[in-house]
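J.: Okay, here's what each chain looks like letter by letter:
2 protein chains.
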Amino acid sequence: MRKVAVVGADMTRFGKFLDRGLKDLAREVVEGALATAGTAKSSLQVAVVGNAAAGLITGQEMVRAEVMLRDMGIGGIPMLNAENACASSSTAFHLAWLYVASGMYDVALALGVEKLYHTDKQRSFDAIGSAVDVELTEQMVAEAQADQGGVAGAGSSRSLFMDLYAAIARDHMRRYGTTKEQFARVAVKNHFNGSLNPHAQYRERYSLEEVLASPLITEPLTRLMCSPIGDGAAALVLCSEEKARQLTTKPVWVRASVLTSGEDHSPGQPGLGERSGAAAYAMASLTPEDVDVAEVHDATASAELILCEEMGFCPPGEGGRLIDSGDTSLGGKLPVNPSGGLISKGHPIGATGAAQIYEAFLQLRGEAGERQVAGAKVALTENSGGMMRGENAVASVHILSL
Amino acid sequence: MRKVAVVGADMTRFGKFLDRGLKDLAREVVEGALATAGTAKSSLQVAVVGNAAAGLITGQEMVRAEVMLRDMGIGGIPMLNAENACASSSTAFHLAWLYVASGMYDVALALGVEKLYHTDKQRSFDAIGSAVDVELTEQMVAEAQADQGGVAGAGSSRSLFMDLYAAIARDHMRRYGTTKEQFARVAVKNHFNGSLNPHAQYRERYSLEEVLASPLITEPLTRLMCSPIGDGAAALVLCSEEKARQLTTKPVWVRASVLTSGEDHSPGQPGLGERSGAAAYAMASLTPEDVDVAEVHDATASAELILCEEMGFCPPGEGGRLIDSGDTSLGGKLPVNPSGGLISKGHPIGATGAAQIYEAFLQLRGEAGERQVAGAKVALTENSGGMMRGENAVASVHILSL
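Line order of the protein sequences matches chains H and G.
Letter by letter, the first sequence follows residues 1 to 402 of our numbering.
Letter by letter, the second sequence follows residues 1 to 402 of our numbering.
Please note that a few of the clues may not be correct.
Identical copies look the same in the list; a pair holds intra-copy or inter-copy alike.
[Said to hold, decoys possible] 20 Å max Cα-Cα, derived SDA-like pairs, lysine to any residue:
#	residue 1	residue 2
1	K3	E210
2	K41	P228
3	K23	G76
4	K3	Y105
5	K333	F192
6	K250	G32
7	K3	T179
8	K333	E370
9	K250	G326
Hints listed in this document are in silico derivations from the structure and should not be mistaken for laboratory results.
Assemble the whole structure, with the sequences as input and the hints as a guide.
T.: See below:
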C-alpha cells in the first residue's frame with residue numbers, strides 16, 4: 001500500500017440552514033478543498049460521498065453522489081455514495097484513501113454532506129431513528145425504561161439515541177464512580193473550544209453549573225452535554241506521495257485508516273472502540289502516547305469520556321480523572337475535540353467524520369487559529385456510527401501526521 | 001494490485017416476494033455463496049452491500065449493511081452500503097475487489113439485495129423515480145413528450161425511464177436504420193434464455209409476433225421488451241490468489257473492475273458505455289474478440305442492442321445486424337445475456353450487477369446447465385445505473401476469466 005496524503009480540506013459552518021440545499025453545501029466545501037490543495041476539479045480521478053439520510057429526508061437516493069457533484073462540473077469519474085450512519089463520511093474518506101493507497105488512482109475526493117433540518121421536523125427524526133433497526137427499537141426502549149424508570153420524550157428517535165448513551169453513562173458511573181460533574185466538565189471544555197471555532201454551530205461558553213442546570217434529556221445527560229442536529233458539509237482531497245510533493249510543502253499523511261463494525265460494550269469483550277483504536281495504532285506503528293490532538297465522536301459528553309479510555313488516552317475507568325486533570329483541554333497534554341466536537345461544533349450526521357479530519361488537517365498544519373494545539377505532529381480521529389448496542393455499530397479511526 | 005478470484009457465488013430466484021424481507025433474501029445468498037466457496041462466515045474480513053432503494057421503500061437507511069448482515073452472524077468487520085442506483089451491487093463488487101486487490105484483506109463479501117415490491121406500489125415507483133434528479137425530471141419528460149407526441153403512462157417514474165430508453169432507441173433507428181423487429185428479436189432471445197434459467201423471474205418463451213403485439217410502453221418498446229421490477233439478491237465471495245488456491249480448483253479471476261460515471265450518449269463524445277468498456281479491456285489486456293459470453297444491462301431490448309456496440313461486439317450502428325446474425329444467441333459466437341438478462345431474469349435494482357457476475361461465474365465454471373456457453377473462458381458484465389442523460393449515469397464493467 002502506498003503512502004497517502006491529505007492536501008486539501010474545507011468545511012462549511014455547521015448549523016441550521018433551511019435555505020441551503022445539499023448541493024449548495026457540497027459545492028462550497030469541494031471548491032474550498034480543491035483551492036486549498038491548489039488543484040482543479042479536472043484532476044479528481046474518483047469521488048466518494050458520505051451521506052446517511054438524504055434518501056429519507058429529501059426523497060432522493062440511488063445516485064446521491066452523482067446528483068450532488070454533477071452541477072459543479074464533476075463527472076466522468078468513479079463515484080458512489082457510502083452509507084454508514086454517523087460514520088458515513090469517515091467511511092467515504094477510508095474508501096478514497098484505499099483508492100489512492102492501492103495505486104489505482106492518484107487524486108481522490110471525499111465529501112461528507114448532510115441536511116438534517118427540514119421544514120417537516122418529523123422527517124428528520126424518522127430518518128435518524130432509522131439507524132436503529134426496527135426490530136431492536138422496542139426492546140431497547142424497554143430496557144432503557146426499566147433501567148432508569150422512564151424515558152424523557154419517549155417515542156422520539158432522538159431521545160432513544162440519547163437514552164442508550166445515558167444507559168452506558170450510568171453503567172460507567174456505577175462501575176468506576178464517574179460523576180455527572182465529570183461528564184459536565186467534558187461539555188464545558190467542548191463548548192469553550194467551539195467558542196473559538198468560526199465553523200461551530202454553537203459558540204457560547206457555559207459554566208459547569210450552567211451545563212448541569214440545563215434541561216435534563218435522560219439522567220445523567222443534560223441538553224448541553226448532547227450534540228445537536230444540524231446541516232453541513234466537509235471535504236478532503238487525498239493524493240499519492242508523488243502528487244503531494246508537487247502540490248504542497250505541507251502534506252498531511254494518512255498513517256492509519258480503519259473501518260470496522262460490531263458489538264460495542266458487550267461485557268468481557270473488547271469493545272468496538274478498543275478494537276478500532278488498537279487496529280489504527282498497529283497500522284500506524286504508533287501508540288496513544290504519540291497522539292498530540294484528537295477528535296472523538298462526542299455525540300454526548302459521556303461518549304467522549306469513554307472514548308478517551310478506548311483510544312488508550314488513559315486506562316479503562318479513568319476517563320473521569322482524565323477530564324479532571326485538564327490534560328484533554330486546550331493547553332493540556334492531549335487536547336481532545338479542540339474543534340468543539342459534536343457537542344458544540346455540531347453533528348450533521350454524514351458530514352461529521354469528514355469534519356473531524358478537516359480539524360486534524362488544520363491542527364497539523366498549524367492553521368487552527370485560536371484553538372491551535374501547539375506543535376501538534378500526530379492527530380487521531382474517531383467517528384462512531386449506528387447503534388451502540390447490537391451488531392449495528394460502526395467505528396472508523398484515522399491517524400494523521402506531519 | 002494483486003490478482004483477485006471469485007470463489008463463491010449465489011443468487012435467489014428473482015421475482016415478487018411479498019412475504020420475504022431483505023434480510024431473508026440476503027441470508028439465502030450469503031450462505032449459498034459461502035457454501036460454494038467452501039468457507040465460513042468467520043473467514044470474511046470485509047463486506048460491501050449494494051442496495052439502492054431500501055431507505056425509501058422500507059424506511060431503514062443509514063446502516064443498511066450492518067442491519068442486513070447482523071442477524072446471520074456477520075459482524076465485527078468493515079461494512080458499508082454502496083449506493084449507485086441500478087449499478088449498486090457491481091459497485092459493491094468493485095469495492096470488494098479493491099479491498100482484496102490492494103492487499104488490505106484476503107477474503108471479501110459483495111452482496112446485492114433489493115426488494116422493490118411493496119404492498120404500497122407507489123412507494124416503489126417513487127423510490128425508482130428518485131434515481132432521476134428532481135430538477136431534471138420535468139425537462140426530460142418534456143423532451144420525451146415533444147419527441148414522440150405523448151408519453152404512455154406519463155407521471156409514473158417507471159414510464160419516465162422507459163421513455164428515455166425509447167427516445168434513445170428511436171434515435172438509433174433514425175441514425176442507423178435499426179428496426180423495431182430487431183429490438184423485438186433481442187427480447188425473443190432473452191425470454192428464450194430465461195426459460196432455461198431456474199432463477200429467472202419470467203420463464204415464458206415468446207415469438208417475434210408476440211413480443212411486437214404485447215402492450216406498447218413507449219414507441220418502439222413493448223412491454224415484453226422491457227425489464228420488470230422485482231425482488232432478489234445475489235452474493236459473491238472474493239479472495240486473494242493464495243487463498244483461492246487453498247479453497248478451490250476452479251477460481252474465476254477478476255481481470256478488470258471498472259466503475260465510472262458521466263454523460264452518456266452526448267453527440268460527438270465517446271459515451272459512458274464506450275469509455276467503461278475500453279477501460280476494462282485495457283485493464284484486462286484483452287479485446288472484445290476475446291469475450292466468449294457477456295451479460296449486459298438490458299433494462300430494455302434496445303439498451304442491449306446498443307450496449308453490444310459500445311462493448312465492441314460489433315461496429316457502431318451495427319447492433320441490429322448483430323442480433324439478426326444470431327451471434328449473440330445461445331450457440332452463437334458470443335452469447336449475450338444467456339441468463340435471460342434483466343428482461344426475463346428480472347431487475348431488482350441493487351441485486352442486478354451481482355447477479356450478472358453470478359452468471360459469469362457459472363458460465364466460466366461450466367455450471368450453467370441448459371444455458372451453458374460451451375468452452376467459455378472469458379466473460380464480460382456491464383451494469384448501468386442512474387439516468388442515461390445528464391451526468392447522473394453510472395457504468396461498471398467487469399471482465400472475468402478462467
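J.: Does each hint hold? Answer for all of them.
T.: Structure-based check of all given hints:
1. In the homo-oligomer, the alpha carbons of K3 and E210 never lie at most 20 Å apart, since the shortest distance is 46 Å inside one protomer and 60 Å across protomers.
2. Within a single copy, K41 and P228 get their C-alpha atoms no closer than 33 Å, and across copies no closer than 38 Å, so neither meets the 20 Å cut-off.
3. Proximity of K23 and G76 under a CA criterion of 20 Å is satisfied intra-copy only: 18 Å inside one chain copy versus 34 Å between copies.
4. With identical chains, the CA atoms of K3 and Y105 are at most 20 Å apart both within one copy (12 Å) and between copies (17 Å).
5. In this assembly of identical chains, the alpha carbons of K333 and F192 lie at most 20 Å apart only when taken from the same copy (17 Å versus 72 Å across copies).
6. For the identical chains of this complex, K250 and G32 are intra-copy neighbours only, at 17 Å inside a copy versus 50 Å across copies, given an alpha-carbon limit of 20 Å.
7. Proximity of K3 to T179 under the C-alpha cut-off of 20 Å is found in neither arrangement, the shortest distances being 43 Å within a copy and 54 Å between copies.
8. For the identical chains of this complex, K333 and E370 are intra-copy neighbours only, at 17 Å inside a copy versus 70 Å across copies, given an alpha-carbon limit of 20 Å.
9. Taking CA atoms no more than 20 Å apart as the test, K250 paired with G326 passes in neither setting, with 30 Å inside one copy and 60 Å between copies.
Checked against the numbered hints given earlier, this structure breaks hints 1, 2, 7 and 9; the rest are met.
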